[in-house]
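Chemist: Protein chains in written order, with the numbering used here: chain W, 1 to 145; chain L, 1 to 145; chain Z, 1 to 91; chain P, 1 to 91.
Warning: the hint list may mix true and false statements.
As the list claims (entries may be wrong) - Pairs of lysine to any residue residues, derived as SDA-like cross-links and limited to a Cα-Cα distance of at most 25 Å, are as follows:
1. 114(L) to 65(Z)
2. 59(Z) to 115(L)
3. 59(P) to 42(P)
4. 60(L) to 124(L)
Claimed, not checked - Partial list, derived from the structure: chain P residues whose beta carbon lies under 10 Å from chain W:
5. 19
6. 53
7. 79
8. 80
9. 85
10. 87
11. 90
Honestly, the hints are just simulated from the structure, not real lab data. Idealized CB from N, CA, C, for every residue including glycine.
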Amino acid sequence: MPFVTHAPIDVPALLAEVARRDRGGTVVFLGSVRRSEDDGPVEAIEYTAYEEMAEAEFGKIVAEAEVRWPDAGFAVRHRLGEVLTGEPSIAVAAAAAHRAAAFDAARWVVEEAKRRLPIWKRERFDDGSRQWRDGSGVAGASDTA
Amino acid sequence: MPFVTHAPIDVPALLAEVARRDRGGTVVFLGSVRRSEDDGPVEAIEYTAYEEMAEAEFGKIVAEAEVRWPDAGFAVRHRLGEVLTGEPSIAVAAAAAHRAAAFDAARWVVEEAKRRLPIWKRERFDDGSRQWRDGSGVAGASDTA
Amino acid sequence: MPQNDVVQPQVRVRCRFFARYAEVLGTATHELQVPRGTTVGSAVQALRERLPGGQALPKVPLAAVNLEHVDLGHVLVDGDELALLPPLAGG
Amino acid sequence: MPQNDVVQPQVRVRCRFFARYAEVLGTATHELQVPRGTTVGSAVQALRERLPGGQALPKVPLAAVNLEHVDLGHVLVDGDELALLPPLAGG
């Protein structure tokens, strides 16, 4: 499966990818488009990417995680295109022999993805207006998760 | 939904329980019956519980988590009866505004559940033999996750 | 603690045993009568003495009263449900 | 660095712009010719000077060459793909 995709995120598929009988702990992270008082009436976020690089970079992150947690398994996705409020845009699954490694590994991959993936978002509001949303944007540095 | 159940764990149902538009980060933990060289040829684990207390205690754990993370949502399950290798026996979902709280809250609930739920397991091996498995057992202190 | 020769008030406690403990005792329940003021620790001692196979119970087991974890100093009252819990192994 | 009057060897670099940068420049790509030895930082300066709307690019943007994050001291070679990346906002 490509890591960067326009398809909705399929959590059971991610779980199946990381399942192995010697992995007793599995952690799945989902980052969803959120709507809160601070952010205004966001209806959806449109994600765009430097797709070839995002795919390559996500692959590198997973490869690095596999070095750090040698027996763990990883499945990752970042969705592109329009994602409605409440739907997940990013998913990371990590399975390891025990729960501590699964939690640590999943979190590490999420943080690296946030830091390294060349992906951008533009918010669409209830009134149809749109606005780029990044660290330098007027909308502030708030994030999906 | 009862927290302690004989039904298989339904991950999409847990996700639906914790979903809310102002919660951008969701973490799901699954602890599965594992089979590894250390543990011998485990085919399944039979879980038994002091059911009324397990239900009450899991509810207390969730209530305490809701005090620690006031805007977070939680969904928890522990399966009873025979659970085959590879299948999850415990699931914890935590959703919060942002990812750090979701990770911390999910992990806290898992650790409390492991520490406090009156639940026991008996391993069934390929040859049909069975053995209680707990901290004092001959089989050692190993755990599903 | 009872202090004199008048008939000691007794409390009735419903005992429950789980997993390995139920197996070694051959029963999952026992109705215990003990003097008022008896602690969980003393009740465990009584169970170890009175029940067939009771010596297989640890002197300091995990215990719960009325669905709550308690320590061995907890004082029982009439009608309590006392559960002896093998080392927990959920998850 | 080129040092004399002989024809300076040039390198061709395919530039790509994303998100807000593509919007302010009105284009997602540009073919840039710069002297051999040019760094990413100097290429950014050239783009800021040569492209309509180029002043809207930051002097120190995030950059990638051939799909890898690089810093501004990275030296470009012929055929490189240089991407200027607005602050990342995935997740």
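Chemist: Please go over all the hints and tell whether each is borne out by the structure.
Modeler: Taking the hints in turn, this is what the structure says about them:
This hinted pair checks out: residue 114(L) and residue 65(Z) have alpha carbons roughly 19 Å apart, not beyond 25 Å. Taking the CA atoms of residue 59(Z) and residue 115(L), the gap is about 21 Å. The hint holds against a cut of 25 Å. Distance restraint check for residue 59(P) and residue 42(P): the Cα-Cα separation of roughly 10 Å lies within the 25 Å cut-off, and the hinted pair is therefore satisfied. At most 25 Å may separate the alpha-carbon atoms for a hinted pair to count; residue 60(L) and residue 124(L) exceed this at roughly 31 Å.
The criterion of a C-beta within 10 Å of any C-beta in chain W is met by residue 19(P), whose closest approach is roughly 4 Å, and the hint holds. About 15 Å separates the beta-carbon of residue 53(P) from the nearest beta-carbon of chain W, more than 10 Å, and the hint is not met. For residue 79(P), the suggested interface contact is broken, since its CB lies about 15 Å from the closest CB of chain W, more than 10 Å. Proximity of residue 80(P) to chain W is violated relative to the hint, the smallest CB-CB distance being about 13 Å (cut-off 10 Å).
A cut of 10 Å between beta carbons decides the hint on residue 85(P): the least distance to chain W is about 5 Å, and the hint holds. A least Cβ separation of about 4 Å between residue 87(P) and chain W falls short of the 10 Å threshold, and the interface hint therefore holds. The restraint placing residue 90(P) at the interface with chain W holds, with a minimum CB-CB distance near 3 Å, inside the 10 Å limit.
When held up to the earlier numbered hints, the structure conflicts with 4, 6, 7, 8 and fits the remainder.
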